[in-house]
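Numbering (the working numbering), first residue to last: 192 to 323.
A hint or two may mislead.
Pairs of lysine-lysine, DSS-like flavour, derived with a Cα cap of 27 Å [claimed, not checked]:
(1) LYS218 / LYS297
(2) LYS218 / LYS293
(3) LYS269 / LYS218
Hints are computed from structural coordinates only; laboratory data are not their basis.
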Amino acid sequence: MQKHHGGKYMRTNFKRSAQTDVDMRKKQRRTLQSTLNTIGILMFIGILIRWWTVPFAISKDLRIYYNQDFQMTLNECKEFLTFVLCAAGVYFMLVNVYFLGKIGKKLVYIVLVLLAVFNLYMMLMLLVAVTH
């Protein structure tokens with residue numbers, strides 16, 4: 192019990208306050224997770240829309256026209272769709288594993304470091320291939 196400015200005693204309940212704080216953090220995590228999932232859905236839908244919008248171009252007099260040269264072949268469409276689906280799978284897996292706890296966070300960080308190292312390696316290999 193604590194005495195406050197009115198002269199009466201005020202009962203404090205630290206247990207309830209701590210539980211409310213934990214509940215609030217869980218709610219914030221769920222909100223962040225759903226926000227990241229929503230952003231991912233919109234992002235990958237935007238990337239998939241590219242499939243249909245690439246053949247359209249703008250002329251010098253600002254008119255939109257269809258350019259057959261930009262149309263993807265069936266093989267290119269398959270490769271593009273495979274890439275987008277794999278990237279989406281990795282994104283959503285990382286976002287949802289991250290919120291599983293400390294082990295999930297460590298796993299996500301390890302995967303991100305491995306992806307960064309792999310990207311640097313591929314960049315160097317492409318650079319070597321282009322210069323030879």
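Comparing the hints with the structure gives:
no., hint, result
1, LYS218 / LYS297, "21 Å, holds"
2, LYS218 / LYS293, "17 Å, holds"
3, LYS269 / LYS218, "40 Å, violated"
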